[in-house]
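This is what each chain is made of:
2 protein chains.
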Amino acid sequence: MYRRYGERRVLTPGPTALPQWVREALAKETTNPDLDPQFFQLYQDAVDMLKRLIGTERGALYIWAGEAMLGLEAAVANAVKPGTKVLVVDNGVYGSGFAELVKMYGGRPVAMGLDWRRAADPAAVERALEREKDVEVVTLVHCDTPSAVYNGLEEVAKIVSSRGALLIVDAVSSIGADRLEFDGWGVGVMIGGSQKALNAPPGLTIMAVSRAALDRSREVGRGSYYMSYEVWEEWLGRGGFPYTMPDVLVYALRESLRRIHEEGLPSVFQRHRAAREAVRRGLAAMGLELYPACAECNCPTATAFKPPVPPAELRRVAWEKYGVLIAGSWGPLEGQLARIGHMGVQASLDYVTTALAAVGASLRDLGVSVDVGKALEAAVEAFR
Amino acid sequence: MYRRYGERRVLTPGPTALPQWVREALAKETTNPDLDPQFFQLYQDAVDMLKRLIGTERGALYIWAGEAMLGLEAAVANAVKPGTKVLVVDNGVYGSGFAELVKMYGGRPVAMGLDWRRAADPAAVERALEREKDVEVVTLVHCDTPSAVYNGLEEVAKIVSSRGALLIVDAVSSIGADRLEFDGWGVGVMIGGSQKALNAPPGLTIMAVSRAALDRSREVGRGSYYMSYEVWEEWLGRGGFPYTMPDVLVYALRESLRRIHEEGLPSVFQRHRAAREAVRRGLAAMGLELYPACAECNCPTATAFKPPVPPAELRRVAWEKYGVLIAGSWGPLEGQLARIGHMGVQASLDYVTTALAAVGASLRDLGVSVDVGKALEAAVEAFR
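Chains A and B, in that order, give the protein sequences. When the letters of the first sequence are read in order and numbered with my numbering, they come out as residues 1 to 384. When the letters of the second sequence are read in order and numbered with my numbering, they come out as residues 1 to 384.
Note that these hints are calculated values from the structure, not bench results. A few of these clues could be false.
Identical chains blur together in the list; that is why a pair holds if it fits in one copy or across any two.
[Stated by the list, open to error] Here are the computed lysine-lysine pairs in the DSSO-like style, where the Cα-Cα straight-line distance is at most 30 Å:
no.: 1; residue 1: Lys81; residue 2: Lys51
no.: 2; residue 1: Lys103; residue 2: Lys374
no.: 3; residue 1: Lys306; residue 2: Lys28
no.: 4; residue 1: Lys321; residue 2: Lys28
no.: 5; residue 1: Lys81; residue 2: Lys103
no.: 6; residue 1: Lys103; residue 2: Lys85
no.: 7; residue 1: Lys158; residue 2: Lys51
no.: 8; residue 1: Lys158; residue 2: Lys28
no.: 9; residue 1: Lys321; residue 2: Lys374
no.: 10; residue 1: Lys374; residue 2: Lys158
Here chain A stands alone, though its shape is the one from the complex (with noise of 0.2 Å):
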């Protein structure tokens, strides 16, 4: 045994760690973001950078200050008045958890009981809407990262907009990190985060809002200031923001998205994708149980499994021994499962093999006896 000693690494599905680059964003000189121009130049290069990185022109697109907990309250809060019938696709935690939030704004949330382990299945979306015939609004999380669950965006947005409903995606933890088209799909309100694959700080959420949802809003007519969508149309029309933004996270953010162009979004996503296969193929290889049925219906920036040791005690040794942090999970699935974020740029040969490495070493040191030869020999592979 020898004292730890090196940088601490963050495997954990957000926050993540934070590239030097971002790093280097975040102690940039800073003027006033009211007030120098520059600053409204700078927020809107981020915000068509999203744009272009979640696949719309026609929506329009807020940075707000605030969690993305913010966003999505905001984007039940202008869709949802009392009565409206909500389908809720509930197949984790999040996805279950915006029952919460529709009832809080007097909506009528309709659970439709579905399997944890697996995709939402878009036939069964569409024979809830055949069944509920006046639901107005859906909700949908696309990557529920508490136990890693991936659901298909493009099917359910496409027949919950051909039926005239209003979807409302989450998001968090799947912009920067896989294929987003808002326009071609027809969402209607899509809510990041930028402490996931954005790899900035946490406390800044992004509102991508459809036209309709707009529309609708005005219909609903919540009385809020700081979770409207109207009062940013207003501020940003004359070249201003309702409040002062975090400039300093702005910088981050706007970095991080740089270096995602940069890179080019068919490789950004190809390399999740390879980080997701690494990730399954390293923990299958030394015999650990996935959580996520299978590869199709596994994030691409977050995995689960149940260790043969208590999860606790794995992250642990982990971070005490190894300096790596990697995450438990929460609600039902807490004290279940571990988990391994890979998004941003942990979605790399480097971090996803000093998770797996970690993970091994912390198993053996716990008495557990596992190949870690075999599951680093297959992450490699898989990032080839």
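Given the coordinates of chain A, work out where chain B should sit on it, guided by the hints.
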């Protein structure tokens, strides 16, 4: 004429310049604020330092991810229900603006029609409360920075609490610069912002909430997750947060608070008074008209004046030629006033003389003859 060279200097009434120690804190190693138990301790340190800064042991204090506007809205949302009568102390842009939030949440704002160049007269507040017997909530801005007008919080708070009404105080521009006794004066809710005298980047709002305000929020039962005191009480009680905290901003805020307490509060408050005196005397020595009618009704954190040229022109020259950023004003005062922020690190000989020198030089460039030597002489004397 020469091309500007050197560091730019920000002297706006928030966001402020970031001291070197804050910038270093921003570039600190990050882990995962949800999973690293050290982060919870660090957040608590910041909370404890804030509590000492505003004089509360009995109140709850939360640091939220959002700009101070979020805190102002939350204070109203948690205290006002349809029909609630709210006395709005309206001697400034922000003071008067509270009425809009009150209406948004169904309350009935009662305006006082006060003079914007003077502190609100506590006796007038008392008379208004006498007249409007069913006032349940009073709103007050401590430092109304768009005009730099300063209210005597202690006197007003004691009157309001003696009548059993709930006082909501916007102390965004005074926390960290001025003596505050949250418990002793009987304040209900106090809102702060990271980017003002606390010299951290924008993005955090500070909510101090009395037991009475907590009780009232339960009674009001506002349906929001992001703005709920109860949600925070519940999560903090379990050693966690309702959403991922913006760790880098908390690091920055904590380091700034550490420096403030290291200096010692009596010195901090005295330094802000000296800065106010220096700026007022310096501007007066240049023959410029100050907006607040007296030193005692001028914020310790900002000073507003009427330049003999359009404020935008003065600001443009100061920024483009001398690299010094001062502010204009807002709302009905837009186009009339220029403002110098002297909060936090800006409340120093260094920054204040820089601002006066840049204002003087810019006015000369714009054809106004001013005695800059006399202005700087007066400023230096005020700091001795």
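Against the structure, the hints come out as follows:
1. In the homo-oligomer, the alpha carbons of lysine 81 and lysine 51 lie at most 30 Å apart inside one protomer (28 Å), although the nearest pairing across protomers, at 38 Å, exceeds that limit.
2. When the C-alpha separation of lysine 103 and lysine 374 is checked against a cutoff of 30 Å, the pair qualifies neither within a copy, at 48 Å, nor between copies, at 65 Å.
3. With identical chains, the CA atoms of lysine 306 and lysine 28 are never at most 30 Å apart, being 42 Å at best within one copy and 33 Å at best between copies.
4. Proximity of lysine 321 and lysine 28 under a CA criterion of 30 Å is satisfied inter-copy only: 21 Å between copies versus 34 Å inside one chain copy.
5. Taking the shortest Cα distances, lysine 81 and lysine 103 sit within 30 Å of each other both inside one copy (10 Å) and across copies (19 Å).
6. For a Cα distance limit of 30 Å, the shortest separation of lysine 103 from lysine 85 qualifies both inside one copy, at 10 Å, and across copies, at 28 Å.
7. When the C-alpha separation of lysine 158 and lysine 51 is checked against a cutoff of 30 Å, the pair qualifies only within one copy, where the shortest distance is 19 Å, while the shortest distance between copies is 51 Å.
8. With identical chains, the CA atoms of lysine 158 and lysine 28 are never at most 30 Å apart, being 42 Å at best within one copy and 44 Å at best between copies.
9. When the C-alpha separation of lysine 321 and lysine 374 is checked against a cutoff of 30 Å, the pair qualifies only within one copy, where the shortest distance is 22 Å, while the shortest distance between copies is 64 Å.
10. In this assembly of identical chains, lysine 374 and lysine 158 lie within 30 Å of each other by CA distance neither inside one copy nor across copies; the values are 41 Å within and 72 Å between.
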